[in-house]
Amino acid sequence: MRYITSIERRALEKGESIGFQRGIEQGIEQGIEQGIEQGIELSRLVLAQSLTTILLQRFDTLSDTIRQRIHTAELQTLQDWIQRAPLCASIDTLLGEPT
Numbered sequence: 016m017r018y019i020t021s022i023e024r025r026a027l028e029k030g031e032s033i034g035f036q037r038g039i040e041q042g043i044e045q046g047i048e049q050g051i052e053q054g055i056e057l058s059r060l061v062l063a064q065s066l067t068t069i070l071l072q073r074f075d076t077l078s079d080t081i082r083q084r085i086h087t088a089e090l091q092t093l094q095d096w097i098q099r100a101p102l103c104a105s106i107d108t109l110l111g112e113p114t
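For what it's worth, my numbering labels the leading residue of the sequence shown as 16, then goes sequentially.
Take these hints with a grain of salt, some might be off.
To be verified - Beta-carbon label-pair distances, calculated as ranges:
| hint | residue 1 | residue 2 | range |
| --- | --- | --- | --- |
| 1 | D79 | I43 | 39 to 45 Å |
| 2 | T67 | E28 | 57 to 63 Å |
| 3 | A26 | Q94 | 38 to 44 Å |
| 4 | D95 | A26 | 36 to 42 Å |
| 5 | R25 | Q94 | 52 to 58 Å |
| 6 | G54 | E28 | 35 to 41 Å |
| 7 | S78 | Q36 | 50 to 56 Å |
| 8 | I33 | Q72 | 55 to 61 Å |
| 9 | I39 | L60 | 28 to 34 Å |
| 10 | R17 | L57 | 22 to 28 Å |
| 11 | R37 | S105 | 52 to 58 Å |
| 12 | G54 | P101 | 23 to 29 Å |
| 13 | G38 | L102 | 36 to 42 Å |
| 14 | G54 | Q83 | 20 to 26 Å |
What the hints contain is simulated information worked out from the structure, not anything from laboratory work.
This one's a predicted model, so the numbers in the text were calculated from it and none came from an experiment.
Backbone N, C-alpha and C fix where the C-beta goes; we use that ideal spot for every residue, glycine too.
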């Protein structure tokens, strides 16, 4: 069994320390990314529910197709629809034709 010198030991410790630090940094970055993604998804869900509530108050009923479109829409689309919802003449004019 070979013994390691103090220089080799310090090099190993430094390598472990660098690897550990990189692991921490990578973990923090991934945690931030996941947090942002979760925040966006939560915002999307809240806007979808808010739009559904607004449209139900204005038009009394929503078809399952309309509900599905609302709950699968992108965040920016929901933001646009929410802004236009109070003044739209109909749900069809608000949402337009599905693509």
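Tested hints:
1. Restraint check, D79 to I43: a C-beta distance of roughly 42 Å satisfies the suggested window 39 to 45 Å.
2. For the pair T67 and E28, the beta carbons lie near 58 Å from each other, so the given range of 57 to 63 Å is met.
3. In this structure the hint that A26 and Q94 lie 38 to 44 Å apart at CB is violated, the actual value being about 54 Å.
4. The supplied range of 36 to 42 Å is broken by D95 and A26, whose beta-carbon atoms lie about 58 Å from each other.
5. Checked against the hint of 52 to 58 Å, the C-beta distance between R25 and Q94 comes to roughly 56 Å, which is consistent with it.
6. Under the hint 35 to 41 Å, the C-beta atoms of G54 and E28, about 39 Å apart, fit the expected range.
7. The given range of 50 to 56 Å is respected by S78 and Q36, whose C-beta atoms sit roughly 55 Å from each other.
8. Checked against the given bound of 55 to 61 Å, the beta carbons of I33 and Q72, roughly 59 Å apart, stay inside it.
9. Distance hint for I39 and L60: a CB-CB separation of about 31 Å, consistent with the stated range 28 to 34 Å.
10. At about 56 Å, the beta-carbon gap between R17 and L57 misses the expected band of 22 to 28 Å.
11. Separation of R37 from S105 is about 56 Å and conforms to the stated range, judged on CB atoms against 52 to 58 Å.
12. A hinted range of 23 to 29 Å for the beta carbons of G54 and P101 is consistent with their spacing of about 26 Å.
13. Distance hint check for G38 and L102: the Cβ-Cβ separation is about 53 Å, which falls outside the suggested range of 36 to 42 Å.
14. Between G54 and Q83 the C-beta distance comes to about 24 Å, which sits within the given range of 20 to 26 Å.
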